[in-house]
Amino acid sequence: FDQVAQATTERIYEEFRTHDGAPIFALVRIFRFSRREQVPRAWQISAAPEEVLLSLAGSYGDQPAWRNPQQSQHHKVIPLSTQATAMMQEAFRQLGMLPQFNARSEAVHQLTSADLYRFYVPEALGSPFIPDQEQFVKPYGIRSVVGMGSQFVSGNAYMLIAFSHIFISDQQSRNFTALAPFVATLLAVYDAKVPLWSF
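If you're matching positions, the sequence shown starts at -7 in my numbering and goes up one per residue.
Simulated from the structure, these hints should not be mistaken for lab results. Hints may be right or wrong, so weigh each one.
When the alpha-carbon atoms are kept at most 20 Å apart in a straight line, the in silico SDA-like pairs for lysine to any residue are as follows [claimed, not checked]:
#1 K68 <-> G133
#2 K130 <-> H157
#3 K68 <-> W58
#4 K130 <-> F84
#5 K130 <-> S119
#6 K130 <-> T177
#7 K130 <-> A176
#8 K68 <-> G53
#9 K130 <-> H11
#10 K68 <-> F128
#11 K130 <-> I158
#12 K68 <-> A57
#13 K68 <-> E2
Pairwise CB distance ranges, derived in the manner of DEER restraints [claimed, not checked]:
#14 A78 <-> P131: 11 to 21 Å
#15 T10 <-> V145: 30 to 40 Å
#16 Q63 <-> R3: 27 to 37 Å
#17 S64 <-> N167: 22 to 32 Å
#18 S146 <-> D12: 35 to 45 Å
#19 G118 <-> N167: 23 to 33 Å
Here a beta-carbon is modelled for each residue, glycine too, at the ideal position from N, C-alpha and C.
Let's have the full structure, built from the sequences with the hints guiding it.
Structure, rendered in C-alpha cells:
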C-alpha cells in the first residue's frame, strides 16, 4: 500500500504543471486511517488498540525531505482523538467522515455526492484551517489546498492532501478531485486483503 501511495503522490506532483512547466503543487501527501497494529513497527507510538491513527503512506514535493515519509518530523503517525489539526478536522468535515471515527465501526459515511470526495481551501494564507502559516504557508508560497478521500471495502480509508503554488479555483478543485474514484480504486487493491465478492 505504501509503495503505491508513494508512487501516486510522485505522479501527481510530476504531472500537474503550469504552462511554463513548473510544478503546480509544492507538496502532495496520502494518509491512511490505521489501527495500531497496521502502523510500521519503527513508527509505533503509545496508543490504545482501538485508537484510530492517521499514518503517512506517501509524500512527494519540492523539498528532498518531503519525498520520503520516513523523514517527516511531525506527521508520520497522528492519533486522531488527541492530535488532529484544524486542517484535518476540516478535511474530515468536508469529506463527510464521521467525527467519532472508530476503528471498530463503519469509518466513513456513504459517499453519494462528488462533493463528498473533495477537500478544498481556496486561500491558504491566513486560513484558520491551515495552521502552519509561518513555517510552511508563507516561506513556501502555498496558495490553495485541495484533497480527496474515501473508504475502502475493508473499512479502512485514505485521504490525499495537495498544497499548491498557484490559486486553484472552485471548478479546478472539482476537476482535480474527479480523480478520486481512480485513486481510491488503485489504493484499494493494496489495502487489507478483503475479498470483493464471495460466493
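Hint check:
{"no.": "1", "hint": "K68 <-> G133", "in the structure": "23 Å, violated"}
{"no.": "2", "hint": "K130 <-> H157", "in the structure": "11 Å, holds"}
{"no.": "3", "hint": "K68 <-> W58", "in the structure": "12 Å, holds"}
{"no.": "4", "hint": "K130 <-> F84", "in the structure": "24 Å, violated"}
{"no.": "5", "hint": "K130 <-> S119", "in the structure": "12 Å, holds"}
{"no.": "6", "hint": "K130 <-> T177", "in the structure": "34 Å, violated"}
{"no.": "7", "hint": "K130 <-> A176", "in the structure": "31 Å, violated"}
{"no.": "8", "hint": "K68 <-> G53", "in the structure": "16 Å, holds"}
{"no.": "9", "hint": "K130 <-> H11", "in the structure": "23 Å, violated"}
{"no.": "10", "hint": "K68 <-> F128", "in the structure": "17 Å, holds"}
{"no.": "11", "hint": "K130 <-> I158", "in the structure": "13 Å, holds"}
{"no.": "12", "hint": "K68 <-> A57", "in the structure": "13 Å, holds"}
{"no.": "13", "hint": "K68 <-> E2", "in the structure": "18 Å, holds"}
{"no.": "14", "hint": "A78 <-> P131: 11 to 21 Å", "in the structure": "19 Å, holds"}
{"no.": "15", "hint": "T10 <-> V145: 30 to 40 Å", "in the structure": "37 Å, holds"}
{"no.": "16", "hint": "Q63 <-> R3: 27 to 37 Å", "in the structure": "20 Å, violated"}
{"no.": "17", "hint": "S64 <-> N167: 22 to 32 Å", "in the structure": "28 Å, holds"}
{"no.": "18", "hint": "S146 <-> D12: 35 to 45 Å", "in the structure": "42 Å, holds"}
{"no.": "19", "hint": "G118 <-> N167: 23 to 33 Å", "in the structure": "25 Å, holds"}
Violated hints, in rising order: 1, 4, 6, 7, 9, 16; the structure is consistent with all others.
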